[in-house]
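Going down the list, the protein sequences come from chains S and X. The numbering of the first sequence is the working numbering, which starts it at 1 and goes up by one. The numbering of the second sequence is the working numbering, which starts it at 1001 and goes up by one.
Bear in mind the hints are in silico, worked out from the structure with no lab data behind them. Worth double-checking, as some hints may not be accurate.
Estimated spans, in silico, between C-beta atoms of each pair [said to hold, decoys possible]:
(1) S:148 x X:1497: 56 to 64 Å
(2) X:1504 x S:146: 39 to 47 Å
(3) X:1426 x S:201: 48 to 56 Å
(4) X:1421 x S:161: 55 to 63 Å
The C-beta atom is built at its ideal place from N, Cα and C for all residues, glycine as well.
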Amino acid sequence: MKLCRHIFLSALLFAAGILRAATTNDFFAQGLELDRAGHFPEAAAAFEKSARAQPASGTLVNLGLAEWNRGHAGAAMLAWEQAHWLDPFDLRAESNLKFARLVTQLDEPQLKWFEAASTWLPPDAWFWMAGASLSLAAGAVLLPPVFRRKKSGWPPALAALGCCVFLFSLTTNVGVVTRTEIGFVLKKNASLRLTPTREAEAIATVPAGTAARKLRTRGNYYFIRTADAAGWIEREEFGLVCAEPGVSP
Amino acid sequence: MSPGALMQLQVAQPTADVTSPVTATAEFDPPVAGVGEKTFYRVTVSATESAIRWPAEISAPAELKFGADARGQITQFLGNNFRVFTSFIYEVRPTAAGHFTIANFTVNASGPLVEIPAASLDVVAASSNPPPARELVLQTSAANLFLGQPFRLRVLLPASPANEIEALREIDLVGDGLMTDKTAQRQSIEAVNLNGQSRPAFICEMTVTPIAAGPLKFFAQGFTAGHEFSGPISIRGQVTIPGGPPKYVLLLSDPVEINVRPLPADGALPGFTGALGKFDSDPPQLSTNRLRVGEPAHLKTIFHGEGDLTRFVSPALPRSRDWQIIADDPPATGFTLIPLTDEARATPTIPFSSFDPATGKYEDLTIPPLPVTVIADGLPVKIPALDDETNSAAPTALSDLSPTPGKTAASLQPLQRRGWFVILQLVPSVGFLALWQWDRRRRFLEAHPEILRRRRARRALRREKNKLKKATNAGDAAAFARHAADALKISVAPHYPANPQALVCADVLAQLDDAARNGRPGETVRKIFAAADARFASAAQTPADLLAFKPDVDAVLQKLEEKL
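Isolated chain S, as found in the complex:
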């Protein structure tokens, strides 16, 4: 009886997974059709739904294309950055970002060395690498005595290698975490304000697609720093790279 229940629950979960994937693919296919027909706002909405259900690099690239075609440079660049975040080897996202920055004359986000290193692999890969290298080092040190093997030979070398990789991946993991505060201005000519209020004085105007780093949050506002200015911006006018598409973090 208990076995039957387990089988039934497993089947239910499996079916729910298939259904979710099917819905995501439906939105993706729908977005492709709409984009090809020139219905960019509808295509963007479909890709957004698909990406919200399951973020995917290809979906985000297409979302960026639809947003670009409907005139939303900020949203397009954010989507391509998100695609690049998910898959650093996605050539479409990289190429489109270069093209967009050429057209808008905007700079790439300024990254520190460990942040730049963290872009070589997907963020999760660094995480697994840190865990695996730590385990490798610990295993190489601890397991030979347990199995009554000699401590000399390859285990010390393996432990040293594991330690090196772990230390390096530790810095790239820090880079990944600090990169989560990077975002892009979504609204055209958005105002950076002196205080986090709607009535506050605008101290600078930034074009859509400008990269910035979020420093603080207060109510409905982020305090951001771009390459040239710093100020408060409304949450809906700024999209973080690691935020789900269409969802204000």
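Following the hints, complete the assembly by docking chain X onto the known chain S.
This is chain X only, laid out in the frame that chain S set:
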């Protein structure tokens, strides 16, 4: 129109008569009245109202009690010019019979003094039943109203005793807190029931709105105008309309009182612009639901209501960051909507509500948002190739669409931001550490086997003690002796070390100190072993009183166990 033509048109108009001398008449209407009955003292001056400095009080006999008063101005067309007349009227009630006269007096009419002639009133006993004063009748559609609630009001001029109907002009309401809509006046002649009698009457119907709360008292005034009907009129039934030049006589009505309540503050809904009545609306219709930024679309909204809609106030324009909203010219109630950004997903909600006086509640008539798709101008998807060396490697066009979703992830949030995942990463290392600790312990025990032997002896001794207890409880002396001997052997075995079964009584005694060995514990051990060894005898007999040694056996075992 050219200035010349305008001048010509002005010259062609009849002129106002300002050269004729100002004249005045005064009379009581009717000239004969009963005691306590109503009569009117009326003075008519051929001058404009603003030109006459009328006295605040009129000197009159004390027996004449003055009531409501009014004044009005009318313009008479005299063939080729106009003449203005102003009438002053007072309601008078005599308190005693007799002949009373209001003496002549003078008033200033913008310079010249005008003499108001004397007027006489004969007051007779009420029982003489003189003809009543001619006056207007005022009827209202409601007496209890809310502030701003329009109501219908009828001013009636009943036919004369000769059944002649006259028109009324310059009808006005005298009283505070009322606003009259003269554009919605309707005139008719029909039979009405007055004091139980059906009589034809000239009726002027108008819409009035109270603009002050509380009890409001007012009356109507108007000039009789003979056959001069202004505007269209509907006539029902047979009536006689007098010919000849009209006689302009200012008449008054009895006062009417209505009670006006302020609108309740409780339950007020957003978007209330003062619309009172019972209204409903058709679903709003948008001219298109797909438009470009800056392109106007028309939102058609139609409201229906019971009664007069002329005073219907359209919804106030809401403030919207995404839309420019322009209201249609009244009486239309639609809106022109212009999207300012392509982020607009729906038309703005336009709050609106009305107050229904019948139910005393506010009704929600909010215009709901309608979904729209707003399109903005796109960005360039291709640029010409650059000669610049630094940018020559940059792509000159956007990529194609990705045919597949590509690499997926459960979330864009990195695993590094999740606490439980960090802990999971440490699990293998913790496992290795645990393994290492286990290995250290194992090595320690290999170096110190006596620890294991004693641990095993303690465990075996515990089991044997249980068996001993059971044998005692069962009264089985043979089993008692056997288990007691085994327990004693087990408790000393680690000291040799040796297998417990290989030990004998002397080995156990050797582990006792001298005092114990020669004392009662030693004797107990010997007896136990003797009884245990008796089972190997041909005629095994175990003394039944052996069970009495249980406390001694326990004491010996405790002593030996302490050494383990």
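Hints versus structure:
no.: 1; hint: S:148 x X:1497: 56 to 64 Å; result: violated (27 Å)
no.: 2; hint: X:1504 x S:146: 39 to 47 Å; result: holds (44 Å)
no.: 3; hint: X:1426 x S:201: 48 to 56 Å; result: holds (49 Å)
no.: 4; hint: X:1421 x S:161: 55 to 63 Å; result: violated (24 Å)
Of the numbered hints stated above, those contradicted by the structure are hints 1 and 4, listed in ascending order.
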